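**Student:** The primary structure of each chain is shown beneath.
Protein chains: 2
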Amino acid sequence: MPMNELELTDEVLRRLDETPDPRLREVMQALVRHLHAFAREVRLTDEEWMTGIRYLTATGHKCDEVRQEFILLSDTLGLSSLVDLINHASDNPVATEPTIMGPFYVPDSPWREMGASIVEFDDGGEPTVVTGVVRDTEGAPIADAVLDVWHNAANGFYAVQQPEEQPATNLRGRFRTGDDGHYSFHTVRPVPYPIPNDGPVGRLLRDTGRHEWRAAHLHMKVTADGFTPLNTHIFDRESDYLESDTVFGVKGSLIADFTPGPDGVLVCETDIVLARSGV
Amino acid sequence: MPMNELELTDEVLRRLDETPDPRLREVMQALVRHLHAFAREVRLTDEEWMTGIRYLTATGHKCDEVRQEFILLSDTLGLSSLVDLINHASDNPVATEPTIMGPFYVPDSPWREMGASIVEFDDGGEPTVVTGVVRDTEGAPIADAVLDVWHNAANGFYAVQQPEEQPATNLRGRFRTGDDGHYSFHTVRPVPYPIPNDGPVGRLLRDTGRHEWRAAHLHMKVTADGFTPLNTHIFDRESDYLESDTVFGVKGSLIADFTPGPDGVLVCETDIVLARSGV
Numbered sequence: 325m326p327m328n329e330l331e332l333t334d335e336v337l338r339r340l341d342e343t344p345d346p347r348l349r350e351v352m353q354a355l356v357r358h359l360h361a362f363a364r365e366v367r368l369t370d371e372e373w374m375t376g377i378r379y380l381t382a383t384g385h386k387c388d389e390v391r392q393e394f395i396l397l398s399d400t401l402g403l404s405s406l407v408d409l410i411n412h413a414s415d416n417p418v419a420t421e422p423t424i425m426g427p428f429y430v431p432d433s434p435w436r437e438m439g440a441s442i443v444e445f446d447d448g449g450e451p452t453v454v455t456g457v458v459r460d461t462e463g464a465p466i467a468d469a470v471l472d473v474w475h476n477a478a479n480g481f482y483a484v485q486q487p488e489e490q491p492a493t494n495l496r497g498r499f500r501t502g503d504d505g506h507y508s509f510h511t512v513r514p515v516p517y518p519i520p521n522d523g524p525v526g527r528l529l530r531d532t533g534r535h536e537w538r539a540a541h542l543h544m545k546v547t548a549d550g551f552t553p554l555n556t557h558i559f560d561r562e563s564d565y566l567e568s569d570t571v572f573g574v575k576g577s578l579i580a581d582f583t584p585g586p587d588g589v590l591v592c593e594t595d596i597v598l599a600r601s602g603v
Numbered sequence: 325m326p327m328n329e330l331e332l333t334d335e336v337l338r339r340l341d342e343t344p345d346p347r348l349r350e351v352m353q354a355l356v357r358h359l360h361a362f363a364r365e366v367r368l369t370d371e372e373w374m375t376g377i378r379y380l381t382a383t384g385h386k387c388d389e390v391r392q393e394f395i396l397l398s399d400t401l402g403l404s405s406l407v408d409l410i411n412h413a414s415d416n417p418v419a420t421e422p423t424i425m426g427p428f429y430v431p432d433s434p435w436r437e438m439g440a441s442i443v444e445f446d447d448g449g450e451p452t453v454v455t456g457v458v459r460d461t462e463g464a465p466i467a468d469a470v471l472d473v474w475h476n477a478a479n480g481f482y483a484v485q486q487p488e489e490q491p492a493t494n495l496r497g498r499f500r501t502g503d504d505g506h507y508s509f510h511t512v513r514p515v516p517y518p519i520p521n522d523g524p525v526g527r528l529l530r531d532t533g534r535h536e537w538r539a540a541h542l543h544m545k546v547t548a549d550g551f552t553p554l555n556t557h558i559f560d561r562e563s564d565y566l567e568s569d570t571v572f573g574v575k576g577s578l579i580a581d582f583t584p585g586p587d588g589v590l591v592c593e594t595d596i597v598l599a600r601s602g603v
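Going down the list, the sequences are from chains A and B. Count along the first sequence from 1, add 324, and you get the number used in my numbering. Count along the second sequence from 1, add 324, and you get the number used in my numbering.
Don't take every hint at face value.
The list treats identical chains as interchangeable, and a pair is accepted whether it falls inside one copy or across any two copies.
For lysine to any residue, the following SDA-like pairs were computed, each having C-alpha atoms within a straight-line distance of at most 25 Å [unchecked claim]:
1) Lys545 x Gly502
2) Lys545 x Val443
3) Lys545 x Glu372
Keep in mind the hints are simulated off the structure, nothing from the lab. Source: prediction; values computed, not measured.
Make the full structure from the sequences, and use the hints.
**Tutor:** See below:
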């Protein structure tokens, strides 16, 4: 029976020795080591432990089919961006950098004609065309690439957050490139927005003196046979919060210009460069 | 903007620099350092991260008014016992050692006469008298000490787990000592029991090849003016699982004998020694 703090940690690690799956054993033993090291380092009190239990419980209770408070927590603690860096830091400086997924992705967005609009609900956003070429790292266009895009409306909200106000597929769409690799779609300019702040994550941001804002961006998942799937954002260079995005999602290479075109429509021209898979 | 894993961790720590409460700042920055160190060390994959998000969400959804799955998780990861050691490891080798609270404590148990029974529902458990003296570390009896006791029935369940089957106050009670510090109550012998295993914690125990059993014990919270409150168990020396209690709650000094008395009733005689507060 363990008699002191370090013996206790050793005993917990020993109990995990028989984990059949070696990777689960590795992850769980590392988790226990780091969790115990945290508690020992800060000398976690009974009351703080109970506060943590209640915080995690409230975070779980806030989660439902359209709200994922644990992803928000992971995002605001920088864990999501760290996992992104661990898994997707490319040795290839030419490929488009990935960033975090965020909690608002909805699968099965409608297929749309190349060049079509994803706006299904006019709330006064600035008309914008997003366009470019999906290409490989040598510059060759990629045919049959699928772009899955989603972003928020001019009121700051994603359609999934406003089932009563916005059509479910507003500002979402899938596009397939032709032989020239070209893509384009009409939309409105994305705007900065606070992450959902009426739950435990919003409370923690306030308690730690942090703001709740994300820099303006649109999301893109881009896939093509033979290439590493890409999950990324395009950020608006004129947005606030580029330097303090509350979920640590901004990378300098993902910032793009939204430039006024001749007809008053903004143009955001951004090529998407995919790395070949297994390279 | 952070470019690599360590820069990202530094950036998250910087964002927490403005936390108004210095203790919250210390705890949150340590949490981020250890959480990020864990993810870096195991090279946490996207899928494993998502598995973790789903696991925490399911754990939160399992919590309700009578089920606290996060406490169970903390217990089975040894965190609860570690926090107990951090806060209640006594320099005084004479005082009764504390152990974890567990998830089944219910406040406001009925006051009972000293010597009375806490059995309100006969399910065939072995009749037992638990008795002893509440005293200080010099051996003097403590008057007006309050013992708040609770334990499971012969079927393995606490009353709070079986609102349909057991009276709510079955095997629970509060007792106040007189001038002689003596305490005693009638009950049934506690039995080993599996912790609730129909949720995420049970799944994790199975996935890591661990059993779900706690050694047989009864719980006691003991308080008295001028003394440090004590939260402890009395374990049955004949119980299985003393060496492998799944929540790491057993301490050798808390194991007691349940000895047959002349009338066939078991007797568990255990003095409770409280340390003076502030000593």
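**Student:** Against each hint, give a clear statement of whether it holds in the structure.
**Tutor:** Quick rundown of the hints versus the structure:
Taking the closest pair of Cα atoms, Lys545 and Gly502 come within 25 Å of each other only inside a single copy of the chain (17 Å); across copies the shortest separation is 72 Å, beyond that limit. Taking the closest pair of Cα atoms, Lys545 and Val443 come within 25 Å of each other only inside a single copy of the chain (18 Å); across copies the shortest separation is 62 Å, beyond that limit. Taking the closest pair of Cα atoms, Lys545 and Glu372 come within 25 Å of each other only across two copies (20 Å); inside a single copy the shortest separation is 40 Å, beyond that limit.
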